[in-house]
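Could you put together the complete structure from these sequences and hints?
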Amino acid sequence: MYRDYSLIVNGNINTTQLWCELSKELKTKLRKEKIIKKTIKSEHREISILDLTKLKATNKRLLKSLNKNDLAKAIYDIEVLECKQWAVKKQIDELFKIGNAEKIDLVDMSKEEIQIRKMFRVDKKGTYIPLKVLHEETAACEIYTAKVLEWKIEKFPKKKEQENALAKYKELLKQESRDPYEVLRHELYIVKRELNKKRDLVNLVRLSSGLIGKSIFLWEEEFEKPKKENDKNLNINMIVSEKMNVSIKNIDGIKIRQDKYNMLTKCT
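In numbering that gives the first Met the number 0, the protein residues as written are 0 to 267.
Simulated from the structure, these hints should not be mistaken for lab results.
Yeah, the Cβ is synthetic: ideal placement off N, Cα and C, and Gly gets one too.
Any given hint could turn out to be false.
PhoX-like mimics (lysine-lysine), calculated; alpha carbons at most 25 Å apart, straight line [to be verified]:
| # | residue 1 | residue 2 |
| --- | --- | --- |
| 1 | LYS26 | LYS36 |
| 2 | LYS254 | LYS213 |
| 3 | LYS72 | LYS154 |
| 4 | LYS157 | LYS89 |
The calculated label-pair distances, taken between Cβ atoms and stated as ranges, are [said to hold, decoys possible]:
| # | residue 1 | residue 2 | range |
| --- | --- | --- | --- |
| 5 | LYS167 | ASP230 | 37 to 47 Å |
| 6 | LYS173 | LYS196 | 28 to 38 Å |
| 7 | ASN236 | LYS173 | 40 to 50 Å |
| 8 | LYS67 | GLU20 | 38 to 48 Å |
| 9 | ASN236 | LEU17 | 47 to 57 Å |
| 10 | LYS53 | ARG177 | 15 to 25 Å |
| 11 | TYR188 | ASN163 | 33 to 43 Å |
| 12 | THR144 | LYS53 | 45 to 55 Å |
| 13 | ARG177 | LYS26 | 28 to 38 Å |
| 14 | ALA145 | GLU32 | 23 to 33 Å |
| 15 | TRP85 | ILE211 | 26 to 36 Å |
| 16 | GLU32 | PRO225 | 40 to 50 Å |
| 17 | THR38 | LEU171 | 52 to 62 Å |
| 18 | ILE211 | LEU171 | 39 to 49 Å |
And the structure:
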């Protein structure tokens, strides 16, 4: 039997218990954190029942220890790194005619990693697909209201930054004697590693802010704007009240923008 679990819905734990088979290392770690509620032995298997209410998600001390300038710089860096990532992938697509987003996503993996994914039937999202089981994207679903909190740079010059990044990588290939594919693959690895590092930092703070209900920045401007995000299958605007709250703060020349709204979300 195979199914997906929605562990967290709208910032709250939706599944309080989870039955699973753990490695020795993970079992030891979770026991120390008192997350394993009970263990059931069956023949040659040992099933652990996890108490997900014991998971430590966030705390207020994290927000107090933050440097707002560093956070603003990290949000700006994410925008720049996303442009670099776009430029590298575009170069790969143009030079090697890949023309497939899934293949481009695999460029930063080694051949061994790709083979392991195929061997164990793990798709690009990290989901295990058993034999003769189709993961239906348009299956029947339930709908819930999710609170969305987004941070970005107001009026970020995305097109200009993308063009600059593209020119940079084209020039790099002219100067390199190595195989272009390997050069771009290495550049993509570096960019994605740095991008994930920045995203992890910003997302942790952003989610903590949303869950605790405490704003990180002292906003200078706050106003409402209309927002639409239509669902093709349901043929409705998924944004509740069709509007969002926008807040803006200038930190050392970096204009941080927060978009806050409620959205109808499908949960399969």
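Checked hints:
1. Pair hint LYS26 plus LYS36 holds up; C-alpha atoms about 11 Å apart against a cutoff of 25 Å.
2. Note on LYS254 and LYS213: the hinted pairing holds, with a Cα-Cα distance of about 20 Å set against a maximum of 25 Å.
3. Of the pairs offered as hints, the one joining LYS72 and LYS154 holds, with about 15 Å between alpha carbons and a cut-off of 25 Å not exceeded.
4. Distance restraint check for LYS157 and LYS89: the Cα-Cα separation of roughly 15 Å lies within the 25 Å cut-off, and the hinted pair is therefore satisfied.
5. The hinted range of 37 to 47 Å is satisfied by LYS167 and ASP230, whose Cβ atoms lie roughly 38 Å apart.
6. Range check, LYS173 to LYS196: about 29 Å between beta-carbon atoms, so the 28 to 38 Å window is met.
7. Between ASN236 and LYS173 the CB atoms are about 48 Å apart, so this pair conforms to the stated range of 40 to 50 Å.
8. Distance hint check for LYS67 and GLU20: the Cβ-Cβ separation is about 44 Å, which falls inside the suggested range of 38 to 48 Å.
9. Evaluation of the 47 to 57 Å hint for ASN236 and LEU17 yields a failure: the beta carbon distance comes to about 34 Å.
10. For LYS53 paired with ARG177, a C-beta distance near 50 Å fails the hint of 15 to 25 Å.
11. Between TYR188 and ASN163 the beta carbons are some 21 Å apart, a value that contradicts the proposed interval 33 to 43 Å.
12. Range check, THR144 to LYS53: Cβ separation about 26 Å, and the 45 to 55 Å hint is violated.
13. Look at ARG177 against LYS26: about 44 Å separates their beta carbons, and that is not inside 28 to 38 Å.
14. Our hint of 23 to 33 Å for ALA145 and GLU32 holds, since their Cβ atoms are close to 28 Å apart.
15. The hint said 26 to 36 Å for the Cβ distance between TRP85 and ILE211, and at roughly 33 Å that hint holds.
16. Taking the beta carbon of each, GLU32 and PRO225 are about 45 Å apart, inside 40 to 50 Å as hinted.
17. A C-beta distance of roughly 54 Å is found between THR38 and LEU171, which places it inside the suggested range of 52 to 62 Å.
18. Between ILE211 and LEU171 the beta carbons are some 43 Å apart, a value that agrees with the proposed interval 39 to 49 Å.
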